[in-house]
Amino acid sequence: MKPVYLVKGNRSPQAKSGTILKDVAAPYLGHYLIRDIMDQTSIPNDQVDEVIIGNTGNPAKYPNVGRVIALEAGLDKKTSGYTVHRNCASGMEAVSQAFVKIASGRSDIIFAGGVENMSQMPLLYNEDMTDFFIDLMKAKSSTDKMKVLSSFRLPHLSPVISIEQGLTDPFCGLNMGQTAEKLAREFKFSRTQQDEFANNSHHKAVRAQQEGKLKDEIVSIITGKKLDSLISEDNGPRADSSLEKLAKLKPYFEKKTGTVTVGNACPITDGGSMWLLCSEEAVKKYNLEPMARMVDFHFHGLEPERMGLGPVLAMDGVLKRTGMSLDQMDLVEINEAFAAQVLSCLEVMKNKKLSDRWNVDLLGELDQSKLNVNGGAIALGHPVGSTGSRLMVTLAHELGRRKAKYGLASLCIGGGQGGAVIIENLNQ
Amino acid sequence: MNNKKISIEQKEGIYYLGFGEHETKSLTVISEETLLEMDEALSEIKGDKNAKGLVLFSHKPGCFLAGMDVSVIQSLTSEIEASQGCEKGQEVFNKLEDLKIPTMALVDGVCLGGGLEMALSCDKIICSDNKKTALGLPEVMLGVLPGFGGTYRLPRKIGLTTSLDLLLTGKQVKAKKAKRMGLVEAVMPAERLLEKAAEYLFKKESHNKTFQETLTEKASENFLARGVIFRKARQTVLEKTKGFYPAPLKILEHLEASFGKRRSSYLSNEARMFGELSQTSQSKALQHVFFLHDNAKKLEQKDKISSVRQGAVLGGGTMGGGIAWLMANSNQSPILKDINLEGLELGLKQSSSVFEKALKRRKITKDEFERKQRSIKPSLSFDGFQRSHLVIEAVVENMDIKKKVFSEVENYVSDDCLLTTNTSSLSINEMAKALKNSSRFAGLHFFNPVNKMPLVEIIRHEGVSEETINRLYKWVLDVKKTPIVVNDCPGFLVNRILAPFLNESAYLLEQGVSIESIDKAVLNFGMPMGACRLMDEVGIDVCSHVGEIMEAGLGPRAKANQLSHKAVEAGLLGKKNGKGFYLYDDSGKQQDINPDILKLLPDQKTEMDETTIQMRLILPMINEAANILDEKIVDSADTVDLGLIFGIGFPPFRGGLLKYADSEGLERIKGAIEKFASEVNEQRYELSPYLKKLVENKQKFYEL
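If you read the sequences in order, they're chains D and Y. End of the first sequence = 428 in this note's numbering, gap-free, step of one. End of the second sequence = 704 in this note's numbering, gap-free, step of one.
No lab work stands behind these hints: they were computed from the structure. Beta carbons are placed, not taken as given, at the ideal position from N, Cα and C, and that holds for glycine. Don't take every hint at face value.
Stated by the list, open to error - Beta-carbon label-pair distances, calculated as ranges:
1. Pro3/D / Leu299/Y: 47 to 57 Å
2. Leu380/Y / Pro3/D: 24 to 34 Å
3. Lys132/Y / Gly301/D: 23 to 33 Å
4. Lys132/Y / Tyr286/D: 36 to 46 Å
5. Leu249/D / Glu397/Y: 52 to 62 Å
6. Pro122/D / Leu249/Y: 55 to 65 Å
7. Lys403/D / Leu380/Y: 24 to 34 Å
8. Glu368/Y / Pro159/D: 27 to 37 Å
Unchecked claim - Derived DSSO-like pairs: lysine-lysine, alpha-carbon spacing no greater than 30 Å straight-line:
9. Lys22/D / Lys360/Y
10. Lys226/D / Lys349/Y
11. Lys61/D / Lys132/Y
12. Lys480/Y / Lys225/D
13. Lys481/Y / Lys16/D
14. Lys77/D / Lys157/Y
15. Lys215/D / Lys474/Y
16. Lys78/D / Lys304/Y
17. Lys474/Y / Lys78/D
18. Lys16/D / Lys176/Y
19. Lys177/Y / Lys226/D
20. Lys77/D / Lys366/Y
21. Lys225/D / Lys349/Y
22. Lys559/Y / Lys77/D
23. Lys226/D / Lys599/Y
24. Lys304/Y / Lys77/D
25. Lys225/D / Lys366/Y
26. Lys692/Y / Lys77/D
27. Lys157/Y / Lys88/Y
28. Lys174/Y / Lys226/D
29. Lys77/D / Lys436/Y
30. Lys452/Y / Lys225/D
31. Lys481/Y / Lys77/D
32. Lys436/Y / Lys285/D
33. Lys559/Y / Lys692/Y
34. Lys360/Y / Lys61/D
35. Lys226/D / Lys363/Y
36. Lys61/D / Lys357/Y
37. Lys700/Y / Lys225/D
38. Lys576/Y / Lys226/D
39. Lys176/Y / Lys213/D
40. Lys226/D / Lys357/Y
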């Protein structure tokens, strides 16, 4: 395998759905990012091999967001572009495909990342209404039409909420929140433990914002109905977050007995993230200064109802694949889909019996000072298609700042999978 | 037959007449030769008993016929000659209309004036969906009317009301709209036109009249309703033209008088009207302006000059945002750089507001708005400047800051990137000193608001290369603006000539002439707005500042007035803060005269007749223009007139400032200036030696 360089990575601000990014259609969460990176290099716009974009809430208007982003970013029309979907890890899948293509020598210069506008996920007509339309189109005579029209009932109009369906596992029938409740029950994590974790995430993120640490990775995006204002900051982190406030929230997914609230789960979010990946030849040719090297990646499946444990299996896989150990990692990102789910992962990692149950090596206890140091998705949000590559962006920037060596980014994937990537910082 | 203008081919009984086969220019126009060849061809077809149909088409993609050659119109020296010319054309087109076989025109691209009149003489028109396809009768813009039967055939084809709209404004319609109004039978891809010609030629008319069309048609047949239509149209024309332009009124007069008349008398009336209009001073002036503009669009070996594919703008204010809009609108994906987010947002707001207006008028779609506005990259760094082919600087008007900016930006751009400044008052020669390589540097002076003002001054300095000037010239044409090339001097061309006009207005005010009478006199001269109103628009602070620069640069003859200075001190800045000579509401709409400004004016009022006011203001402009020609700031009177018409809206029906001076007689102008010199102020009315020489040699501005 040839070495694969993570030359530059950036992201849009992340905003809770229905807020400041709600009008920014998916392609426009990505094209600024490519342009911003291209403008920092001397790579001609017709020398990019491919654009690979992770996206899950596929907008009807842009069936292949990847190609649209390539063109909107001003890359040459010959640039190939496509879109990948691996639920929550779509952005990581995109980067991983780029990795394979460059490592194998097929490609030299690839943009890979993810975009998600969850605000714009549509409401759909239900099946009854769809049938009604089909019947109406088929009806030829006016009597037939009248007959069909008279079959209309008000419940026909109750919409299918695509985002709700998307976040429910079709195999086990649980929605993502319910899978987190299941882990909380099985691993006996109390409501308070979860709220403490969430509170911590907010305060870490707010501190990072205040110290200006996130500025380097964020590219300002034009927003507003009139497209005349700029936003440059995430709007998720709450400086006034407290255990008392979090304690007041009602359980969302299991109303009576549950412990998972909107406060200790990640919010629905809009955002995008991007990487420029290059071969060694391209790095030399264009005199690039890569931020990091991508060491390897791994994806792994498990039972859908415990999808939250995915990171453990994926981390185990990528460590085995690379012959590395968790101790070697200077920083670790485990995506915070739910506080209960991250806490459960940490538990499995340090517990021999549990590790055996999921057939992974005992990874060991993770030093809390290495985990999600600038806050996680509970504060920053989780734009599903983007998070996989967003974690890598945040990780690489922080490794660079610390002049540390290795970092690992992992996340759980709805449907019962986990994904993990190891990168090596080159900014010494 | 040895044809040059028309190709003739016959296939299965159908004749195909093609235009523009050997045309080397981008547009094919109708010449006398075209009409002669056409006449012969029609005779031949008329005599052919086996002829089944006739199809007119163009060999040239994107141009059917762009109308009669304007130089032919210009060469007409009498009303009779002009009328007779029309009659000749009318005869040919009548012959086409009278053919017994089905006839059809295939229109791809521009089909204007005589071109459309020819197409209208066919039974049917079908056109391509090409973006360039545009049909219209723009004769009114040259101060005449369509003289080849257009006024007769257009109303018959699309109804009186719709045709009035086209005839009176000269506006052009695109394919889709042409279909909707019933002007064309069908719209299809250009490549299919010839292929489908035979099929459509023999097809029955398919245009079903809508209820509204039937209604308006019925209305125009009704004597009373027709009266209302004409009265309303006349009212609109007078509002728009303020009575300065006779052509639209003549068109109305002709249509009303000829309505319902037989073809022969209708057409002879049309020819007579054309003859009359073609000899009016207004039409002559408009023809002159047409050529000024047309010549400005010419650039030798344009295709060999490299285009700007990506631009960059420094400074996100009103001008910066406007220029970013211009680049974004021309698909040049500009970088908009400022030193803070607030500046960037100001620029984005400026650009967005222009796009939004276009969106409201349905000139662009919502998707285009989004794409174009988002093609602007707001940036705080110089990243990406290495990809730009043109940088336009629009930061604060301060020589030191601008010099600093240029010496910095030079480090980030490629060697062939053009560097320009949008300064309106600073010396280009001086600024060029900040650059290591100043051969690719020039001034690029836009007028505010960028989206509306058609003129761009390209300012030379001593070290600029011809390549730079040519590339900038091409760029200005590419973004659909009109360029003029000017040498460096205070105010460049337009502002240097405008300055004495505004300065003198303030002197008139100081002398006790009222705001109302000055603005009224200026409007009645034909200027788009009054002098005081214009100072509000420009900003009284800007006027005051420019006044100082002019005085410093040109000496006592440009001695600045005191009034604008006092007004600025009193916080009266003009439209920008809602208080100037007039008051303005929050949306910028003009209200009453500002009582605060009256406090700065003398209590003693001076009554002055309109002509004197006009001369007090216009003569210093002519005098300064003469100085400019003397100093070789621009190459010719053409450039002066083009600059003033497109830069400040000097009335086109006067043909331009110097054309106007010529027509008034330079001897008289000189006399009037000398009179003011002795009566008003010796220095401000100091006769230009250049003008003096012209008079001595009995020359005109346009005879050089």
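Here's how the hints hold up against the structure:
About 51 Å separates the C-beta atoms of Pro3/D and Leu299/Y, a value consistent with the hinted range of 47 to 57 Å. Taken as a hint, the range 24 to 34 Å holds for the pair Leu380/Y and Pro3/D, whose Cβ atoms sit roughly 33 Å apart. Between Lys132/Y and Gly301/D, the C-beta spacing of about 57 Å breaks the proposed range 23 to 33 Å. For Lys132/Y and Tyr286/D, the Cβ-Cβ distance of about 40 Å falls inside the hinted range of 36 to 46 Å, so the restraint holds.
In this structure the hint that Leu249/D and Glu397/Y lie 52 to 62 Å apart at CB holds, the actual value being about 56 Å. For Pro122/D paired with Leu249/Y, a C-beta distance near 56 Å keeps the hint of 55 to 65 Å intact. Between Lys403/D and Leu380/Y the CB atoms are about 26 Å apart, so this pair conforms to the stated range of 24 to 34 Å. For the pair Glu368/Y and Pro159/D, the beta carbons lie near 30 Å from each other, so the given range of 27 to 37 Å is met.
Pair hint Lys22/D plus Lys360/Y holds up; C-alpha atoms about 22 Å apart against a cutoff of 30 Å. The hinted pair formed by Lys226/D and Lys349/Y meets the criterion: a straight-line CA distance of about 8 Å does not exceed 30 Å. Between Lys61/D and Lys132/Y, the direct Cα distance comes to roughly 28 Å. Compliance with the 30 Å bound is thereby established for this hinted pair. A threshold of 30 Å between alpha carbons decides the hint, and for Lys480/Y with Lys225/D the separation of about 28 Å falls inside it, so the pair holds.
Restraint check for Lys481/Y and Lys16/D: the C-alpha separation of about 44 Å exceeds 30 Å, so the hint is violated. This hinted pair does not check out: Lys77/D and Lys157/Y have alpha carbons roughly 45 Å apart, beyond 30 Å. This hinted pair does not check out: Lys215/D and Lys474/Y have alpha carbons roughly 40 Å apart, beyond 30 Å. Between Lys78/D and Lys304/Y, the direct Cα distance comes to roughly 25 Å. Compliance with the 30 Å bound is thereby established for this hinted pair.
Under the criterion of a C-alpha separation no larger than 30 Å, the hint pairing Lys474/Y with Lys78/D is consistent with the structure, at around 28 Å. Our distance criterion of 30 Å between C-alpha atoms is broken by Lys16/D and Lys176/Y, whose separation comes to about 43 Å. Of the pairs offered as hints, the one joining Lys177/Y and Lys226/D holds, with about 29 Å between alpha carbons and a cut-off of 30 Å not exceeded. Distance check on the hinted pair: Lys77/D and Lys366/Y sit about 23 Å apart at the alpha-carbon level, within 30 Å; holds.
Of the pairs offered as hints, the one joining Lys225/D and Lys349/Y holds, with about 11 Å between alpha carbons and a cut-off of 30 Å not exceeded. A distance of roughly 58 Å separates the Cα atoms of Lys559/Y and Lys77/D; the hinted pair therefore is violated under the 30 Å criterion. Pair hint Lys226/D plus Lys599/Y does not hold up; C-alpha atoms about 42 Å apart against a cutoff of 30 Å. With a C-alpha separation of about 24 Å, the suggested pair Lys304/Y and Lys77/D falls inside the 30 Å cut-off, and the hint holds.
Among the hinted pairs, Lys225/D with Lys366/Y is consistent with the structure: their alpha-carbon atoms are about 11 Å apart, no more than 30 Å. Distance hint between Lys692/Y and Lys77/D is unfulfilled; the C-alpha atoms sit about 62 Å from each other, more than 30 Å. For a cut-off of 30 Å, the pair hint linking Lys157/Y to Lys88/Y stands: about 23 Å separates their Cα positions. Taking the CA atoms of Lys174/Y and Lys226/D, the gap is about 28 Å. The hint holds against a cut of 30 Å.
As the CA atoms of Lys77/D and Lys436/Y are separated by approximately 36 Å, the hinted pair breaks the 30 Å bound. A hinted pair counts as satisfied when its Cα atoms are at most 30 Å apart, and Lys452/Y with Lys225/D qualifies at roughly 24 Å. Between Lys481/Y and Lys77/D, the direct Cα distance comes to roughly 29 Å. Compliance with the 30 Å bound is thereby established for this hinted pair. Among the hinted pairs, Lys436/Y with Lys285/D is consistent with the structure: their alpha-carbon atoms are about 29 Å apart, no more than 30 Å.
About 22 Å separates the Cα atoms of Lys559/Y and Lys692/Y, which keeps this hinted pair within 30 Å; it holds. Between Lys360/Y and Lys61/D, the direct Cα distance comes to roughly 23 Å. Compliance with the 30 Å bound is thereby established for this hinted pair. With a C-alpha separation of about 17 Å, the suggested pairing of Lys226/D with Lys363/Y holds against the 30 Å cut-off. As the CA atoms of Lys61/D and Lys357/Y are separated by approximately 25 Å, the hinted pair is consistent with the 30 Å bound.
Between the alpha carbons of Lys700/Y and Lys225/D the distance comes to roughly 56 Å, so the proposed pair goes past 30 Å and is violated. Straight-line distance between C-alpha atoms of Lys576/Y and Lys226/D comes to about 22 Å, which keeps the hinted pair within the 30 Å bound. Among the hinted pairs, Lys176/Y with Lys213/D is inconsistent with the structure: their alpha-carbon atoms are about 55 Å apart, more than 30 Å. A hinted pair counts as satisfied when its Cα atoms are at most 30 Å apart, and Lys226/D with Lys357/Y qualifies at roughly 11 Å.
This entry does not satisfy hints 3, 13, 14, 15, 18, 22, 23, 26, 29, 37 and 39, going by the numbered hints stated previously.
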